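*Asks:* Here is what each chain is made of, one letter per residue.
There are 2 protein chains.
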Amino acid sequence: MLNLGILISGRGSNMESILKSIKKKKIPINPAIVISNKHNAKGLKIAKKLGVKIEVVESKGFKGTRAEYDKEIVSILTKYRVTPKKGLVCLAGFMRIISPEFTKKYKNRIINIHPSLLPAFPGLDSQKQALEYGAKVSGCSVHFVDSGMDTGPIIIQAVVKINGKDTEETLSKKILKEEHRIYPEAVNLFARKKIKVSGRKTIIS
Amino acid sequence: MLNLGILISGRGSNMESILKSIKKKKIPINPAIVISNKHNAKGLKIAKKLGVKIEVVESKGFKGTRAEYDKEIVSILTKYRVTPKKGLVCLAGFMRIISPEFTKKYKNRIINIHPSLLPAFPGLDSQKQALEYGAKVSGCSVHFVDSGMDTGPIIIQAVVKINGKDTEETLSKKILKEEHRIYPEAVNLFARKKIKVSGRKTIIS
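For the protein sequence lines, the chains are A and B, in the order given.
Mapping to the numbering used here: the first sequence position 128 is 128, numbers consecutive.
Heads up, the numbering used here is the position in the second sequence plus 1000, with the first residue counted as 1.
Some hints here could point you the wrong way.
Mimicking DSSO-like on lysine-lysine, the simulated pairs with C-alpha atoms at most 27 Å apart in a straight line are [to be verified]:
| id | chain 1 | residue 1 | chain 2 | residue 2 |
| --- | --- | --- | --- | --- |
| 1 | A | 161 | B | 1025 |
| 2 | A | 71 | A | 38 |
| 3 | A | 161 | B | 1165 |
Hints listed in this document are in silico derivations from the structure and should not be mistaken for laboratory results.
Keep in mind it's a predicted model, so treat the numbers as computed, not measured.
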């Protein structure tokens, strides 16, 4: 069985949906560790309550490069056997850019969710971007993390409609509902080895 | 009642779906003229058969600037009363870039359909772009034409799923089916004055 590490910075609602789905839907993966870059992230308490171990690598005031910070993260992941061979890393609202050293070491082993239909609206404030563009649909994308910004191979995408009354808040809420559905689904596919990566495409079996 | 001009370069399957929908679904617009930039465009015969007048402004060998070419188009549109006040211009596979003079004169009066969920995959070969990106969804967008490339305010978007077996051909076919559905729908909304444009957003009532 694979070991799962989840990185958070805040409440980690996607972390929660993944952890709950593992139990409920019997996803064959061991939730090994939740790591936060902030000691006061609300998600830490939630993880603990759900019986998952937690660690903090405080990023505020960290003396060192991005690669050195990520080395700390990797050493914790390794301690909990979330290795490039036996592990999966999920980013769940982890508000840091990952170093190329980290993404290369865990190639096609780190996944993230982004609140838009990539390649549309990458980066921050995707919901606002979609509204300002006047898009009539948006959604979310679970994807592998590579060294680019929201550019890795896509695993699943879900669509939501945008109507004239939508605000950033209502759109975010609609998208988040879909996030909580497809992120655990992607973890399940990964755990069951149903995702093959070929170039920048994924093939789901 | 508004007057409709449709510009084509080839078979004009979207032209056909619009013209048939006007009759069948009683869209309150007068199909005034179909103009092709190629004398041998197959869509000309189809338009004639459907009882719509046709004209050709041959672009091959046209001596003059893009703006001068478009002036010829505008003079034909005017002849058939497809004016900025009483007209709507639909591009249906019209393989020419429209001059800023033309788009300014017919501001929010020229619409086009693009085979992707804009702003993703603009320009040519959108279906191929989507497949190469590894997108799990794509679709089509009806939008107003401004001076940019596929950048004008969006009226309607429709979504199709992409699966592992899709080729450029199968994806194009799936998207085309949606195009034939939403393009007449957009013409109907326009004809019934149900589209308001505010900045780059459209509000559908």
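*Asks:* Evaluate each hint against the coordinates.
*Replies:* Hint by hint, here is what the structure shows:
no., hint, verdict
1, 161/A / 1025/B, "25 Å, holds"
2, 71/A / 38/A, "17 Å, holds"
3, 161/A / 1165/B, "26 Å, holds"
In the structure shown, no violation is registered for any of the earlier numbered hints.
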